[in-house]
Amino acid sequence: MHDTPPSVPDFTQWPSFPFEGDLRVKQLDDPVPVEPPRKGEGLRECTACNAPDDAYIWVGERWRVRAMDRPTGLPMVLILESRTHLDLGDLPNLLAAELGVMTVRLERAIRSLDGVARVHVNRWGDGSAHLHMWFLARPYGRLQLRGTFLSLWDSILPPISEAQWRENLALVAAWLAEFGGRPLAEPPRIQWQAPSSLLAQSAAADAAAAAAEAVSVIEAAEEIPEPAPDADDAAGTDDGTDTNDPADTTDPADKSDGTDTTDGTDTDDGAGTDEGDTDDLADFDTGTVRSATETDPAGTTADPATEPAGAAAPGPADTPGPGSRAAAASAPPTSTLSTSGDASTAR
3 MHDTPPSVPD FTQWPSFPFE GDLRVKQLDD PVPVEPPRKG EGLRECTACN
53 APDDAYIWVG ERWRVRAMDR PTGLPMVLIL ESRTHLDLGD LPNLLAAELG
103 VMTVRLERAI RSLDGVARVH VNRWGDGSAH LHMWFLARPY GRLQLRGTFL
153 SLWDSILPPI SEAQWRENLA LVAAWLAEFG GRPLAEPPRI QWQAPSSLLA
203 QSAAADAAAA AAEAVSVIEA AEEIPEPAPD ADDAAGTDDG TDTNDPADTT
253 DPADKSDGTD TTDGTDTDDG AGTDEGDTDD LADFDTGTVR SATETDPAGT
303 TADPATEPAG AAAPGPADTP GPGSRAAAAS APPTSTLSTS GDASTAR
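Be aware that the sequence shown starts at 3, since it is given in this note's numbering, and climbs by one per residue.
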């Protein structure tokens, strides 16, 4: 006797639902007795721990912010990661408190961009065991993009221009740097080229190729759960390795050359920190913790989640003063955003 397939839910009729036409519900697979390990679990390598600082748009002592490796359909998609290899429920009190400050700060930075109405903050974590929070900017006036399906629309909409994307990255990085850390994204440079039909054709071809290869939130490798093992595999011994994992199709923001050896050490000259930020993270057990190391050319780092001296809590003081955005756009870059690496990311 066949089960009656469930009816299509009402939300498929919402204006925000990105598909139309005849739809049917997939058959739900049987539950598996043992779930496969995520990236960073068991013997699986953690791409976030191996990623160098130059794969990020902003880095601090305990937090880093990365982007996709190319523009997508939304004005901005960013990921906030802890340096230490911990998941959300494993954060000690200090990092848990800083996560709240960093979440508010990054949301404000993205919302300050032109044409951004709202910032959606998401955490899934089924693909990677390393904490990563998603920040998705909804374009102003696009009411059809409101709500649950914004990450789907990011895959569907045509990507924004690379020049606008890089300018947005530089503005967000500069905003965060006003409270500490190092901005690693720089504004786009003007490239003067003689007009030529051949150049125009080449540019059009490059744009079409980039659009075809664009990777969005939904397609990020670290947000795609591993498939359930076959029955024959399930009968064997699971050593935590992934034999079907392609050559690390990591999330764009996980752009890593795989050669960065990290030990979690960092130095802090104490500038711009308060009492709460001088706590040593060594007071929680790091015996099973992996972390990424920030290398600062100056040998010092400022605390990403530290308020300027005398700041009591996030509030109006956490918002850069007038003209800071313009200053951010013209600020001399300290590094260059690396767009090399994988085309996929982490949810």
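What the hints contain is simulated information worked out from the structure, not anything from laboratory work. If you're wondering where the values come from, they're calculated on a predicted model, not measured in any experiment. It cannot be assumed that every hint is accurate.
Stated by the list, open to error - Across the chosen pairs, the derived CB separations fall in these ranges: (1) 116 x 94: 18 to 26 Å; (2) 12 x 102: 28 to 36 Å; (3) 90 x 148: 40 to 48 Å; (4) 14 x 164: 17 to 25 Å; (5) 123 x 14: 36 to 44 Å; (6) 145 x 27: 23 to 31 Å; (7) 149 x 114: 34 to 42 Å; (8) 150 x 30: 38 to 46 Å; (9) 163 x 99: 31 to 39 Å; (10) 36 x 98: 23 to 31 Å; (11) 165 x 33: 23 to 31 Å; (12) 94 x 22: 43 to 51 Å; (13) 15 x 98: 21 to 29 Å.
We put the beta carbon where it would ideally sit given N, CA and C, even for glycine.
Do the beta carbons of residue 12 and residue 102 sit within 28 to 36 Å of each other? Hint holds: Cβ distance 35 Å, inside 28 to 36 Å.
Verify the CB-CB distance for residue 150 and residue 30 against the hinted window 38 to 46 Å. With Cβ atoms ~20 Å apart, the hint is violated.
If I claimed the Cβ atoms of residue 36 and residue 98 lie 23 to 31 Å apart, would that claim hold in this structure? holds (29 Å)
Taking the CB of residue 14 and the CB of residue 164, does the distance hold inside 17 to 25 Å? violated (34 Å)
CB-CB spacing for residue 98 and residue 15 relative to the 21 to 29 Å hint: Since residue 15 and residue 98 have Cβ atoms about 40 Å apart, the given range 21 to 29 Å is violated.
Is it true that the C-beta distance of residue 149 to residue 114 lies inside 34 to 42 Å, as the hint says? violated (22 Å)
How does the Cβ-Cβ distance of residue 116 and residue 94 compare with 18 to 26 Å: does it lie in that range? violated (38 Å)
Please check whether residue 165 and residue 33 have a Cβ separation lying inside 23 to 31 Å. The hint (23 to 31 Å, Cβ to Cβ) is violated, given that residue 165 and residue 33 are roughly 48 Å apart.
Outcome for the supplied range 23 to 31 Å, where the beta carbon pair is residue 145 and residue 27: holds (27 Å)
In this structure, is the beta-carbon distance linking residue 90 and residue 148 contained in 40 to 48 Å? violated (26 Å)
Kindly confirm whether 43 to 51 Å is satisfied by the beta carbon distance between residue 94 and residue 22. At roughly 47 Å between Cβ atoms, residue 22 and residue 94 fall inside 43 to 51 Å, so the hint holds.
At the C-beta level, are residue 123 and residue 14 separated by a distance inside 36 to 44 Å? At 25 Å between Cβs, range violated.
Comparing the model with each numbered hint stated earlier shows that hints 1, 3, 4, 5, 7, 8, 11, 13 do not hold.
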